[in-house]
Amino acid sequence: MNPTLAAVLSVGLLVAALVVVHRPLGSYLARVYSGTTHLRVERLLYRLSGVDGDGEQRWPAYLRSVLAFSAVSVLLLYGLQRVQHWLPLSLGRQNVAPDMSWNTAASFVTNTNWQSYSGEQVMGHLVQMAGLAVQNFVSAAVGLAVAVALIRGLARSRTDRLGNFWVDLTRGSLRVLLPLAFVAAVVLVGFGAVQNFTHGFDAHTVQGATQHIPGGPVASQESIKELGTNGGGFYNANSAHPFENPTSFTNLFEVFLILLIPFSLPYAFGRMVGDRRQGYAVVAAMAVICLGAVVASGVVEAHHPGAAPTAAGASMEGKETRFGVLASSLFSVGTTMTSTGAVDSWHDSYTALGGGVTLFDMHLGEVTPGGVGSGLYGALVLAVLAVFLAGLMVGRTPEYLGKRIGAREMKLVGLYILVMPATVLVFTGIAVVTKMGTSSILNPGPHGLSEILYAYTSAANNNGSAFGGLSANTMFYNVTTGLSVLIGRFVPIVFVLALAGSLAKQQKVPASAGTMPTHTPLFTVLFVGVILIVAGLTFLPALALGPLAEGLA
Amino acid sequence: MSTVDVHSGRSTSDGPATPGGPHGPRRTTGRAGGLLDPATLARSLPAALAKLDPRHMVRNPVMFVVEVGSVVTTVLAVVDPSVFAWVIAVWLWITAIFANLAEAVAESRGKAQADSLRRARTDVTARLLVDDTAGERAVPGTELTVGDRVVCEAGDTIPGDGEVVEGVASVDESAITGESAPVIREAGGDRSAVTGGTRVLSDRIVVRITTRPGETFLDKMIGLVEGASRQKTPNEIALNILLAGLTIVFLLTIAALQPMAVYSHARQSVIVLCALLVCLIPTTIGALLSAIGIAGMDRLVQRNVLALSGRAVEAAGDVSTLLLDKTGTITMGARQASEFVPVGGCDPERLASAAQLASLADETPEGRSVVVYAKERYGLRGREVTDAHFVPFSAETRMSGVDLPDGTQVRKGAAAAVMHWVRQGGGEVPDGTSAAVDAVSGTGGTPLLVATRPAGGTAEVQGVIHLKDVVKEGMADRFGELRRMGIRTVMITGDNPLTAAAIAEEAGVDDYLAEAKPEDKLALIRKEQEGGHLVAMTGDGTNDAPALAQADVGVAMNTGTMAAKEAGNMVDLDSNPTKLIEIVEIGKQLLITRGALTTFSVANDVAKYFAIIPAMFASVFPGLDRLNVMQLHSSTSAIASAVIFNAIIIVLLVPLAMRGVKYRARSAASLLRRNVLIYGLGGIVVPFVGIKLIDLLVSHIPGLG
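Protein sequences, first through last, are from chains G and E.
To convert, note that position 241 of the first sequence is 241 in the numbering used here; the numbers rise steadily by one, no gaps.
To convert, note that position 269 of the second sequence is 269 in the numbering used here; the numbers rise steadily by one, no gaps.
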């Protein structure tokens, strides 16, 4: 089949699948987070941990719970890596070094999954399963919880209660992520992904060399890695490894898993605020930008000028040949648009503009559709901004879903949109002019700039994918990317929960003909404009010196 | 206007309510155009330059950044002079000055008004009453304290705000209202408030001072129109926060750009970085924001409305429920004859004639309306009746009428009273009479019975005059407009529910509150607010004060009591309750203008990026010249053009900021479509064109080309 046609069909299939699934899943999510009854196992968990499952929290308490849970998670994950050698299922692997343990712990707890190690060589099965996989679940559940708290802030009125973090966390893990991940893992196993506890086996290559191929609980990691927009691979090769991603179908299926929850959550949002059209407007804006990036990436990868790409029909460098150029570029957009960071091809080796697309995807702030939970709360914050800008133009104090956007709300929105660019730009600025930063660069010139920019963009947006080319496992990069990861995750959450608290307190303004509609195609267009202009254009100068300078040369 | 209908029908409003339409007279004329008039700009220039003081600039973070950029580029231009450096430095200063100019022009219009008000506050000598001796003592007006009693006689200027405690006088309030017709002020009731600075034209009154000197209404007014007491409104604060946030984001972008440029061997001069920064931060809205606010208040002053807080102006835009008093707002102040219903087989012409005769001497609006109706409907000219004896209305007889020279008596009045008079005069009340009276009442009208008694004959009922509340022309359309804007109108009336329903139906209001007492009004406002609505109302009486205070927008009539004026957050000097609708429109217009210019400003950045980024880096990375979609002449001309465009657009938008974006009563969805198209899309396209045009010019300047 003509590769372009195949790509169009793949994308079409993907869109169709998401269109079909997002409603039932969205409804289910809305029910999960609105329900008042607890499962037996949940009640048991609450009793064991001393949580009042029926008590709700104010926003500071909710925030404290998020931060406390995350802090404890970091410590546990750090400890687990530090002592893995003495624990079962370690496969004889050594204890992980302190700086790498720290980096890994911070990265997995923040849903980033930046990996400065090779999974199959450093981590034993126990750390993979009891440490990393658990964080893959709960970090995604934390994102969902924060998003749900913000939705409640918009949906409720005259209350200071945003729900109970522990309940939201438990429900997200047990009722949403666990069953979905189980089904997905079974599908992956069915198509050839590996799931065992072997130490691996040795294979003899054609050239007569011996190659050790480690096995392990791969499929179960893989499913939650995509579903929870985590991205940390069992193997260093991530989704390019045939044990993680065996066939073209699993490749497409993994993209589907990546996009599944982020694209279903807006429907849940619509349900929870009592107006499904609101959810459609948000999801439409996400989809427009995401599809635009898919097309842009496919076009630049398939039509890049140059002798080699012309001979091959497309730019093959860095792509997974099993899947082809377009399936790879689709995966690259899916993973960078969702803060996943799983890769089935090397972004560093994309054409300059194709690499630029992956960068730009993240520069939008991971909101189209963004990570699990984090994508929706980021998108809603930008929606508030869009409402503020446009809402004035109808002659009223801007209001979103009946909530007035006043000084306090704008302050929080302003601070939110400041955090990511500030983190990325400041660290990139420092890195490009210091020896510590530039000595890690593999490719000089604009490409080197893209490598550094990518590293901090990926970290601050909790994406976790690496551009490659940059030797990021140095003290300087471990410290600064580690900081970026933490700042990029938790500082915005502070503002989101404060915003939720401030919105929940307000009395709703009833909608009338004088209310700016936020469910119309026009609003979607405005929303897209705000995302592109306010969030995206900030990085245009940096992109001009990196991918654009290289790609337009 | 009072909340309770007075059945004598006398209009209780002595304000010069504008007849015929909601658009009251403007305080000044000839304000359209001329805003870019070089003379105006030149006059405001010194003020604009004075505002360059950093202590003033720092209050506006966006423009403060521009000023810092101007200083930095100037220093660099002095140290290392070049045409480019000086062009950028000068135009950055111009950007800052233009911003101040916008504010200064807006303020200058207020200053002129303040000056004319100040003239009214010339040093007044008060005639202070000394209690026990009942004598008086001359003291300067500035030394009065609350509770002092002063005497004012014809020709005296009232020394301070107060309440008439004794006497009645006609007062010239033109210093404040601009309206030259004198008004009556008297002790007791709802017309007892007097304002310092106004002049007594006749008679003598004793005024008890209620406000300390320096805090009088006139002082407040002067402060307001001058903008001296202007405080940032909630939405303005929110917008400022957003603008500051965007400014910080761009500061970071620029700060991080230099290291990246250094890495790329494309180090930029600080002048270029300053130019890029100033182009990217939202200077257009930053420069015009305070002018928009001042102009919004000014637009109210032009319509003779004083907003005692800027917050109220904004709230007016958000109002979703309007409480309108029926009398004077929805209906004409008084009832008017709308039908003559003959009873007992009376000839309609005879009834009309009798009704007219009975009303000839009746100077109430109702009486005059009977004369007019008879003339228009039956062609009966008003007759000069000589030697007739007029019987005035009295509360006791509840009738009025005339005794003609031939002895014929004609009476009109309340049905029961006239029936009694007929029976006393030996007449019979025909069967259909009560039915006709009830029919008129049933439709919400007021029935007046007409009867005659020829000399020596028996009294005879002629028929019924149907007095009706006449809804002002165009009100139904107006309410339809409000409905499209998403505003619900509620009519407040002291009438019974039947009457209220009939008038509500005719006027096209959405709801009504009948037999309303002041406390009902308050309860209604509370209920609406609990539902999340913002409520606006007008009022003038002391018993309106609690409701005025509770309402989000409470417009007190200037004719009203001091209590009402103090409770409300706006005062309408024309005392025209219909103006509430205009106030809402002005509030909306203010917010729309702010939003439109913000959107425009942010959208402008797209073109500026495309001008400046290739200009900065195309020398090192020639491929980036492909971003130079405008095909600008050179890197220096491109940067200069972007900076010049950025400055000029401010001054070009000053008239829009002052006048406000055109507002039409439409649904929010349709307003949004229109404004997004004009200011959003326009904001993206206009700078591409503008920068290109400027580039065509500046590329001829040696040293820039």
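The set of hints was computed from the structure by calculation and includes no laboratory data.
Heads up, some of the hints might be wrong.
Said to hold, decoys possible - Not everything, but these chain E residues come out facing chain G in the computed CB check (under 8 Å):
(1) A238
(2) S320
(3) C346
(4) P348
(5) R350
(6) V606
Beta carbons: idealized from backbone N, C-alpha and C, even for Gly.
Evaluation of the provided hints:
1. Hint status for A238(E): holds, given a least beta-carbon distance of 4 Å to chain G, under 8 Å.
2. Hint status for S320(E): holds, given a least beta-carbon distance of 6 Å to chain G, under 8 Å.
3. The closest approach between the C-beta of C346(E) and any C-beta of chain G is roughly 51 Å, which is over the 8 Å cut-off, so the hint fails.
4. Interface hint status for P348(E): violated, as the beta-carbon distance to the closest one in chain G is roughly 47 Å, over 8 Å.
5. Nearest Cβ of chain G to the Cβ of R350(E): about 53 Å, over the 8 Å cut. The hint is violated.
6. Contact between V606(E) and chain G, as hinted, is supported at the beta carbon level, the nearest pair being about 7 Å apart and thus within 8 Å.
Comparing the model with each numbered hint stated earlier shows that hints 3, 4 and 5 do not hold.
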